[in-house]
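Participant: What follows is the residue order along each chain.
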Amino acid sequence: MESMIYAENLRKEFKKIIKEPGLKGSVKSLFHPKKEIVKAVDGISFEVPKGEILGFIGPNGAGKSTVIKMLTGILMPTSGMCRINGKIPQEDRKNYVREIGVVFGQRTQLWWDLALRETYAVLKEIYQVPDDQYQKRMAFLNEVLELDSFITSPVRTLSLGQRMRADIAASLLHSPKVLFLDEPTIGLDVVVKDNIRNAIMKINKEEGTTVILTTHDLADIELLCERIVMIDKGKKVFDGGLSELKRNFGDVRTLEFELVNAPDFKLLDYHRRFHLTEDELSAERDGSLARVRFDTAEVSVEDVISYTLSTVHVKDLNIKGVEIEEIIKRLYRREVSL
Amino acid sequence: MKRYLRLHRIFVVQYLKKLMEYKVDFLLGAIGLLITQAIQILFLGIIFSQIPSLIGYTFPQILFIYGFSLIPKSLDHLLTDNLWMVGYRIVRKGEFDKYLTRPINTLFHVISENFCVDAFGEMLSCILLLGYSVPQLDLPFHWYTIPLALVAVVFATLIYTSLKIMTAAIAFWTKASGHIIHMLYMVNDFSKYPVTIYNKAVQTIITYVIPFAFTAYFPASYFLTGKDPLFCIGGTVIAGTVMFTLAVFVWNRGLRAYESAGS
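The listed protein sequences correspond, in order, to chains A and B.
Quick note: the first sequence uses this note's numbering, first residue 487, plus one each step.
Quick note: the second sequence uses this note's numbering, first residue 298, plus one each step.
There are no misleading hints in this set.
Lysine-lysine pairs mimicking DSSO-like chemistry, simulated, CA-CA at most 27 Å apart: (1) A/Lys-622 / B/Lys-395; (2) A/Lys-514 / B/Lys-472; (3) B/Lys-395 / A/Lys-502; (4) A/Lys-721 / A/Lys-525; (5) A/Lys-719 / B/Lys-395; (6) A/Lys-815 / A/Lys-679.
Note that these hints are calculated values from the structure, not bench results.
Owing to the predicted nature of the structure, the values given are computational and were not obtained by experimental measurement.
From just these sequences and the hints, can you work out the full model?
Facilitator: Here is the structure:
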């Protein structure tokens, strides 16, 4: 079976005019523009099977949004091609967008001055959703995204959390087969994030909607995504499952020991004991807490605990979850090579 | 087509609701508009009281041409004002993304999102000018005069709109083109008066390059004299068709060059 999303060697270049600082520089560049070609996306290929939720991650400016904009038909690739739901976005835009939903977290697609309900009524006409289906759909979206309390308010008066839920509902009104979410949880509080994640999960489960989401919140990734694609400087640097990422790049854990005697901290010398460098293991004191962070490929959790317990008196022990965030931070900083 | 008409009605209704949403703004806008129009009409009266005739055209004839020029201008203003925003803001800020993710024609979508009630002021001037001048003129009238007038108005409006589409679409390459649209609007002032008062170069430009002469002078002179229907009305139809075809072409090329904005 063909993949829902298929991208082959996508590239996007932008011409950029380099300006020298100040008004003088601006005037100069008006007459003698210095042009530079920026490769925002530099040959990215990947596939997404139907019904999968794919996490698209990378540091700011890596080219995530540019890829999403090419996939949604907003931008024309400089070269390469993509086919989604059997269609090429740039060739058959109107028919293609009928079956996709798009949310840009940073920018609303709702009508700023209209009551939310009016926005949905207009979208219903644009996407030609039949009346009975529209009623059912609104009831469903109301239930999962809890729109009831603000559906009669003008969009401009909504809080960010309400607006984001409203935007996601708008993108789902016409029951799209593919949903593109560009930073859907940016700037939201924990409760709203949770609500949005549940909604995405529910849509994906019940309707088999394929989802691509970009995010900087790795909890989104851990809770929603079966697979991630990581890009950096326009190139793909990782493509695989979360467990694969952990296996490949080491499993970083943090242990916190609450010491009976805080000064005992100096008795702990993990580096000497396990022959590790500062990069492989870091230990720091925070009040009466000794916080030890290490790579399980180098030393086991068991060894660290037994050494600590045998060296100092410990009141309490806390094992932090697997820190995928740590792996990704290291990847962004290029501390681990690929 | 039917679907687009229906959508257009929905957009207009929503736009009117939006106007009502800001009551004070709407009220002040309406008052300002009335004042502006009153001053404009007064100003026209002063100008034309100084020029009783202009190279063979009588005062009522000049008023008729002026009034006729306001019909396509005000219609275009009423229906397609959002193109200004394409030139000034929508492309530069990346807001155009929205239109590209909707399953309807982008040009239609952008245009129909706004409904510029300011244009009713121009329409008022237009009615006053024509209402004053027509009874004083002995216009030739046949059964086909009204249908021809409708055709002329539709295609003259199309000339306006097409030129605006083309200049707005320049923003897809340059990010902003508001000032270019503005320049175009300066040029259209030439069309309010008989083109024969200008020198050859200006005449050629506003007839064959930026065919503003077909938005007012040529069709209006046909209705004044009944002469040259083929050139005056046929020319308007051809200019409107050619310009619109060109505008759609430029717009579609622009879409391919659109670069969005960072987020």
